[in-house]
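With chain Y's structure known, arrange chain D on it following the hints.
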Amino acid sequence: MTSTRSFWALFTVLTAVAAHLCYILFVPPQQFQTKLDAIHTENGINKLTLAAPGTAAASIAEYPGELIYAVCLFDLSTGPLRINARVPEQYWALEVYNTRGGTIYTLNDKQAPRRQFSLYLYDDDPDPEAIVNAANSVGSSINSITVLTGTQTGIVVIRSAAANQLETARSAEALQNTSCSLATS
Amino acid sequence: MNPSVRFAVSVLVGVTVGIVSARYMTTEQSPFFTEQYGNWNNWPVAGNPANNPYTQAKFIANGQLPEHFSEVLTFYRNQDDEGDKLTEDCTYLMSINRPTARRWSISLTGNSGGNPQLMTQDDIISMGEKVTVVLSASPQPGNWLRMSNADDPRVVFRLYDGDTITAQGPTGGTLGLPSLTRVSCS
Chain Y
1 MTSTRSFWAL FTVLTAVAAH LCYILFVPPQ QFQTKLDAIH TENGINKLTL AAPGTAAASI
61 AEYPGELIYA VCLFDLSTGP LRINARVPEQ YWALEVYNTR GGTIYTLNDK QAPRRQFSLY
121 LYDDDPDPEA IVNAANSVGS SINSITVLTG TQTGIVVIRS AAANQLETAR SAEALQNTSC
181 SLATS
Chain D
1 MNPSVRFAVS VLVGVTVGIV SARYMTTEQS PFFTEQYGNW NNWPVAGNPA NNPYTQAKFI
61 ANGQLPEHFS EVLTFYRNQD DEGDKLTEDC TYLMSINRPT ARRWSISLTG NSGGNPQLMT
121 QDDIISMGEK VTVVLSASPQ PGNWLRMSNA DDPRVVFRLY DGDTITAQGP TGGTLGLPSL
181 TRVSCS
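Protein chains in written order, with our numbering: chain Y, 1 to 185; chain D, 1 to 186.
No lab work stands behind these hints, which were simulated from the structure alone.
Every residue, glycine too, gets a C-beta built ideally from N, C-alpha and C.
A hint or two may mislead.
[Unchecked claim] Now the in silico label distances, taken between C-beta atoms and shown as ranges:
#1 34/Y - 29/D: 21 to 27 angstroms
#2 84/Y - 181/D: 48 to 54 angstroms
#3 177/Y - 179/D: 39 to 45 angstroms
[Claimed, not checked] Some but not every residue of chain D turned toward chain Y, in silico, with C-beta under 8 angstroms:
#4 10
#5 11
#6 13
#7 15
#8 21
#9 22
#10 44
#11 45
#12 65
#13 67
#14 97
#15 100
#16 103
This is chain Y alone, in the form it adopts within the complex (with noise of 0.2 angstroms):
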């Protein structure tokens, strides 16, 4: 009788800690790519759009009382991926995420190089050499940054400063005037 009692109770705790596992580990990435699936159904892939009010792209806007988010979903499937950027002359920052929402890479106004420059995301080592080349001069008068991704899909997100008016509208032009797309395109 004890013994078909512990094994009951043994069963039910494995049964809790399966369930309890199954659910951090999938759940949440599943809930997580039904919002990037429905980002890509309304802004495409290797494409940097606004994440404006009502948008899918709205979304991952967590605080857009004082920042502008603009985001590019990206596949690196097909070749490297170059975002053009244009920022203002205040705070910004671009993250780069695996689509299980871990950053990968950042870069916000302080680290980089000049107000405008090209970000290019290889998911494999393209030219190891030229790489630690690009990573030693960050910062000086390069305007080319490399990123390895590890993975060939992702995220970039870029949030800039919109505490105010004159803020909102420094972000929106630049924003505007920066690009995402395949790197042989």
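Quick look at chain D alone, frame taken from chain Y:
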């Protein structure tokens, strides 16, 4: 008890406990993966690619892409300094020495779905280093964040330049997080 009934009950209890515990561990009240500074909570590894699955789950389940902690430090609270839950029936006074971060913001959100009430460093009226903000459902002189229509109110304090702040030492005292005292209730 019939074995098939035992099986069904065990699975039901196990799945329920597993899911409820998973959801709890991704809330802001979870003591396991948040850092607490008084009544302020922070997810210290937000945006870190090497972060734990619970931190990842917390953000992406809501469709959020967390800013890397080197960019922005975000703190949350839904209690006053006495540990009582915030309510729109009360008026609160938030005070802080002006943060050294180049940008910062205080916002008030709730579950009602309305726009968050936001105050940035540019909006603050303050003659000195001490900054005070009143959180209340009724208009207040000076810096005021409206609490009305804020079901389950939550205060969010964001400090930009996370890398600089972290280098200074991410302790409550060094960061100088705002205090939040209850002034009165209706």
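Hint by hint, here is what the structure shows:
1. 34/Y - 29/D: 21 to 27 angstroms: holds (26 angstroms)
2. 84/Y - 181/D: 48 to 54 angstroms: holds (50 angstroms)
3. 177/Y - 179/D: 39 to 45 angstroms: Given a distance of about 43 angstroms, which is inside 39 to 45 angstroms, the answer is holds.
4. 10: holds (4 angstroms)
5. 11: With Cβ-Cβ at 6 angstroms, under 8 angstroms, it holds.
6. 13: holds (5 angstroms)
7. 15: Hint holds; residue 15/D Cβ to chain Y Cβ min 4 angstroms, cut 8 angstroms.
8. 21: Constraint on residue 21/D satisfied, holds at 5 angstroms.
9. 22: With a closest approach of 4 angstroms, the residue 22/D hint holds.
10. 44: violated (14 angstroms)
11. 45: Because about 10 angstroms separates residue 45/D from the closest Cβ in chain Y, which is outside the 8 angstroms limit, the hint is violated.
12. 65: holds (5 angstroms)
13. 67: It holds, given that the least Cβ distance between residue 67/D and chain Y is near 7 angstroms, below 8 angstroms.
14. 97: violated (21 angstroms)
15. 100: Since chain Y brings no Cβ nearer than about 15 angstroms to residue 100/D, farther than 8 angstroms, the hint is violated.
16. 103: holds (6 angstroms)
Hint violations for this structure: numbers 10, 11, 14 and 15, all remaining hints satisfied.
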